[in-house]
Every structure is written in structure tokens, then in C-alpha cells.
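Note that the protein sequences, when read in sequence, are chains A and B.
All the letters of the first sequence, read from the start, carry residue numbers 1 to 159 under this note's numbering.
All the letters of the second sequence, read from the start, carry residue numbers 1 to 108 under this note's numbering.
The set of hints was computed from the structure by calculation and includes no laboratory data.
Please note that a few of the clues may not be correct.
Straight-line alpha carbon distances no greater than 30 Å define the calculated BS3-like cross-link-like pairs of lysine-lysine that follow [claimed, not checked]: (1) B/Lys14 x A/Lys90; (2) B/Lys40 x A/Lys122; (3) B/Lys79 x B/Lys40; (4) B/Lys92 x B/Lys40.
Covered by chain B, per the in silico footprint, the following chain A stretches (three or more residues, Cβ under 8 Å) [said to hold, decoys possible]: (5) 105-113; (6) 117-125.
No residue lacks a Cβ here, since even glycine has one placed at the ideal position from N, Cα and C.
So the chains spell out like this:
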Amino acid sequence: MNLPRRTFLKGIFATGGAMALGTSVLPQSVMADLPETAAQAKSLSEAEQALFDGAQITEITDENVIAIKAPEIAENGQVVQIEVTTNLEKLESITILAEKNPVPLVAQFNFPDPENAVGWVKTRIKMVGTSDVIAVVKADGQLYAARREVTVTLGGCGG
Amino acid sequence: MADEFRTRLQAKLKKGITEVRTKITHPMETGARRELETGKLIPAHFIEEVKVEHNGKVVMSADWSVGISKDPYCAFKFKGGVEGDTVTLTWKDKCDPFHAKHSKMCVT
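From just these sequences and the hints, can you work out the full model?
Here it is in C-alpha cells:
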């Protein structure tokens, strides 16, 4: 079975970092693959497909496993604070997507050292309007996703 | 050009876990906005990659899209570190070379 592309690229990222003078300089052609394909995805399923190579994603509704903290109502879609917490072990990455955004993929936080990773990230995202925010967690080689609806009164993608 | 972008970085150690917080001054242009007067599209200009290292080892690397807010803020944690360790953040966008910001860790 071929190595999932994501794992392959992550492997390159790790060695690339060690090799190039302390700053990680990936060959543009390689690094451009993953984020650009996923970042260009126009729908949620396209984005997930590009990011995770069609691998199975387990839906999580238990907030003890994955919790998304976000405002009930976001007055300003330009700045919506999202906090993702997970207790899943051997954490490899947390990906945040906003379903209705023109570019659903917002960010992917990767943890090259899963043994010492802590399942918590906080950031501020743009939301074009009320939609689900989805957090996909990769832990121990498996994918899990949780979603939470965030109401936005003033859309923030500037379109 | 480099002066316009400020990177603030803070790393605090508490009970064996280090919390890293950063705020970067950056327009994070989506490429979908238009200038009010001319109607011309403002070109996309956003941070694409962020990397945080602790004592030379990458503890977090992030890929961002246009969906991250202007003047991006992000925070995460990792296990380990002692007072005086170095935490380094570098970020990259299409236009600028890598920006590095060093910060010493402190104990809370």
C-alpha cells in the first residue's frame, strides 16, 4: 500500500528542516502540492479529499474527545476566535475548516513530535457567514472530526 | 517592507507544559477584496507557513490559508522545556523571505 501522500510530505518536511541551515526550505514543487491543492478546493469534501487522500474520518460528537470552542454569535466575521481541544493521544495534526467559506480550508497545525504534542490550539479565523466550523484531528494515524455551528452576523471574507 | 510586519511571541512554562502565543501584524489579504476607488482587485498576500522550534527542534508547523484573520493570532502548547530555553517562530508568505522571531521562555 502506498504511503499516504500527507505522510510522505510530512516526512520530507522533517528532513528538509534538518538539512537546510536551520530554516526549513522545502522544494517549492513539493510544498506547493499539499496546501495549494487543498487551499484551492472549493468545497468541504474537496478540501478533505485533498488533505487526507480520501482516508476515512470518524465523526466525533463527544466534547471530551474533540471540543470546539467558538462564540455562539460572532458579530464580526473577520475575526472569529476558535479554540480546539482534544484528548486524543499521539496527536499529529489539527485542521480547521469553515464549511461555507469560499476556501473552506483555514489552517492545519502539524505536530512533528506526537509524543509531546498537546491537544489544544487557538486562533482567529475569517467566516463569510453562519456555517459549521470543522476540526479534523489526526492522532495515531487515524482521523477524527467534530463540527460546531457558528452564527455570524457580519460576514468577513471581504468579497 | 520588513518593518511593517511585527511578530510578537511569548512562551510560558507551567507544570511541564509550555504555552506559545503569537501575534503577527500582517494584512492577510484574500485576493478577493477590491480597492474602493478603482475597483481593482487587491492581490492576495497572506502567511502560508508558520513554524515554531524549541531548542532547534520543530514543535509545531502550520499551513495557513486566506481564512486566517488579519493580524493573525495563534496559540498552542507542547510538553517540555525549561526556563531559559529558546523558542523560535518563523513565518513565510509569498512576498517576503522567512521572518524569524526569537523568544526566551519564562516560568509563570
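Open item on the list: Let me make sure I understand: some of the numbered hints might not hold for this structure. Which ones are they, in numerical order?
Closed with: 2 and 3
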